[in-house]
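*Asks:* In terms of our numbering, the numbers along the sequence shown are unbroken and rise by one, the last being 161.
Check before you lean on any hint, since a few could be wrong.
Dumping the calculated DSSO-like pairs for lysine-lysine here, alpha-carbon to alpha-carbon at most 27 Å [stated by the list, open to error]: (1) 109 x 130; (2) 51 x 130; (3) 51 x 109.
Worth flagging that the hints you see were computed from the coordinates, not collected in a lab.
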Amino acid sequence: MSEATFEDAQVMLKCAELFNSMDLGGMTGWIYGDDFPVAHDEFLARYPRSSEEYGNLRRYMGYFETIGTLWKHGLFDEGLLLDWLWIPWDRIKDIVLGEREAAGVARLYENFEALGMRQHEMSP
38 MSEATFEDAQ VMLKCAELFN SMDLGGMTGW IYGDDFPVAH DEFLARYPRS
88 SEEYGNLRRY MGYFETIGTL WKHGLFDEGL LLDWLWIPWD RIKDIVLGER
138 EAAGVARLYE NFEALGMRQH EMSP
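All chains, full assembly: derive it from the sequences and hints.
*Replies:* Printed below as a string of structure tokens:
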């Protein structure tokens, strides 16, 4: 693994700014809360696609797809990224995969998934 650079730190700080400007921190608490339905069908039963909560979760998934895309293309140092950010793949993967299937788009959120799997591989 290469050494993180000042440029990598700049990317991290921009991503942190984006995370905060999108108010994703509060969503992380919601997603990891006891009442959050982790199964795709349960999530949709409680939060239909027209709901604000559904839209919020789509924004959240889109953020992590963006981070995963930067990482996939070598624009974000992996060591720095995985030291800084916890990737919530395991918590919402059933919802993400259900949305992928419903959309009929095999690549939907693929970089989010790949990054979540990489974090899992790297975890002690």
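*Asks:* Each hint: holds or not?
*Replies:* Here is what the structure says about each hint:
{"no.": "1", "hint": "109 x 130", "verdict": "holds (19 Å)"}
{"no.": "2", "hint": "51 x 130", "verdict": "holds (25 Å)"}
{"no.": "3", "hint": "51 x 109", "verdict": "holds (17 Å)"}
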